[in-house]
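Given next are the chains, with one letter for each unit.
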Amino acid sequence: MKPENLLFAKTHEWVAVANEGGQKIATIGLSAFAVEALTDLVFIELPKVGRQVKAEESFCEVESVKAVSDVYAPVTGEVIAVNESLPDNLETLSSDPFGDGWIARIKVSDDSALANLMDHTAYQKQCEE
Amino acid sequence: MTTELAKTPLYDWHVAHGGRIVDFGGWAMPVQYTTIADEHAATRTAAGVFDISHMGRLQFFGPDADRFLDAVVTRRVTDIKPGQVRYALVCNEQGGILDDVLVYRLPMESSGSHAPAASTNEDDTPTFQVVTNALNRAAIVDWFRHRLPDFATRFDDVTIGTGMIAVQGPRAVSTIDSIVGGKLGGLRNYTSTSTHFEGRPILISRTGYTGEDGSEIICAARDTTALWERILQAGQETTIRPVGLGARDTLRLEAAMPLYGHELNETINPFQAGLGFAVNFGSREFVGREALERFASDERQPVRVGLQLDGRRLPRQGCSVLQGNETVGEVTSGTFSPTFERPIAMAYVRPSAQAVGSRLAVDIRGTQHPAVVVPLPFYERGKKILPQRHGEHRGEML
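If you're matching them up, the sequences are chains A and B in order. Residues in the first sequence are numbered from 1 upward in steps of one, following our numbering. Residues in the second sequence are numbered from 1001 upward in steps of one, following our numbering.
Any given hint could be a false lead.
[Claimed, not checked] The calculated label-pair distances, taken between Cβ atoms and stated as ranges, are:
| no. | chain 1 | residue 1 | chain 2 | residue 2 | range |
| --- | --- | --- | --- | --- | --- |
| 1 | A | Asp119 | B | Glu1380 | 49 to 55 Å |
| 2 | B | Val1356 | A | Pro87 | 27 to 33 Å |
| 3 | B | Glu1229 | A | Lys10 | 36 to 42 Å |
| 4 | B | Asn1189 | A | Gln124 | 47 to 53 Å |
| 5 | B | Gln1323 | A | Pro87 | 27 to 33 Å |
[As the list claims (entries may be wrong)] Covered stretches of chain B (in silico footprint by chain A; criterion: 3 or more residues with CB under 8 Å from a CB of chain A, positions within the stretch not fixed):
| no. | stretch |
| --- | --- |
| 6 | 1030-1039 |
| 7 | 1303-1314 |
Please keep in mind that the hints were generated in silico from the structure rather than gathered at the bench. Every residue gets a Cβ at the ideal spot worked out from N, C-alpha and C, and that includes glycine.
Could you put the whole structure together from the sequences, leaning on the hints where they help?
See below:
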């Protein structure tokens, strides 16, 4: 996915929302900037499939040598898939953050929180500050 | 309230070379330039160059310098020879650790870094130097100052006027020797000598904080960047790297070297910390002696142990250590060991949990992770083996 087509949260998650068979599905990952800032990733705790998450709730943890970081859900809904290959291939998060490094897919029940997200240009500005 | 961070002479260099700057004990220090894993590996396989100018440097003058230091550190220093360096502790009256320090009896020929113009007055030439943790420098200066009046000695805090660089790793000594004409290779561990870099005095010692061979070098503040760049240039045939505080921590942790604020603080005594070797009683008097004599044979106190965990979650300072359902201790440092590719930690645990092989658990953010007590250090130069896993013997792990 091209970062230009994604929405970004202040907390560095990216989200792509697609309409699949009448359902809104959000794919979520961490921005290249965030992964680069974390460096030395050692662990990811993926959410469980089937978990109901609320927008802006922490639903995943990424741990680096320096610190544990929360990943916040950008939308409200149900986790319908997680990237099972990530725990054993954490380098994917940095090698392809906007593609194979996706973290989870959520079936959206409430997308009102999307209004709080930034487009790529605005997000880049935040990162430069 | 924000206060301006202190900057070492290398601060501009760090910023210009991608160093990520963090606040460490009031100093603006690089935590890393590339990745911790990369800088760690460079130090284990070639050489790492560390800015340690933030550490406190105190120089002592006058005829009683040795007697004074003997009265405020846990290890006798009156008997050390010029050039010798001794690891020691500064304790309070209760035997709690105020700092761990290196005491240098300075080499004869010069005062090293400080190097005022040649003086005929003996009192103008420092005879001893103490290197403190950055975090504790102000407290130690204060502690020493209050105890000076009984002795014919004084000290200068030369931290700001000097710089300090560590070079560590299997290629460290040859790299430095190419600059100082082989003088480092002739030094035994824990000794120092004064020499020159581009005609300017420097003090080199065979010491370090990574588990590798190498040196720590003190020079004038204004010479620090030139010396730093020269070292990196001299090592360019190897994978020599500047290394930040991130890898300095993973390196010292693998080597089981205690860090003040983690394994050491005012409520910990040297015997708990496994630093009994740095306490000698003899017939001398020093601050904390009475309390330390009691602690020396106290087998009921928690002591520092090494833990090895499975999985990839990191035990961190403050995590509880459990034996069955009972909390028996607390983690003081933990990381993901780049050498062994597994989580390791140091912790203080009660006697029931101290034996090597004890099966314990560490509570990491609400989840219990199995841990086993392993011998310290985790990493030893030239052996590189270690942690035996649960029931399984591990040989070469690199």
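Now for the hints, and whether the structure bears them out:
no., hint, result
1, A:Asp119 x B:Glu1380: 49 to 55 Å, "53 Å, holds"
2, B:Val1356 x A:Pro87: 27 to 33 Å, "30 Å, holds"
3, B:Glu1229 x A:Lys10: 36 to 42 Å, "40 Å, holds"
4, B:Asn1189 x A:Gln124: 47 to 53 Å, "51 Å, holds"
5, B:Gln1323 x A:Pro87: 27 to 33 Å, "29 Å, holds"
6, 1030-1039, "holds (count 5)"
7, 1303-1314, "holds (count 4)"
Checked against the numbered hints listed earlier, the structure breaks none of them; every hint is satisfied.
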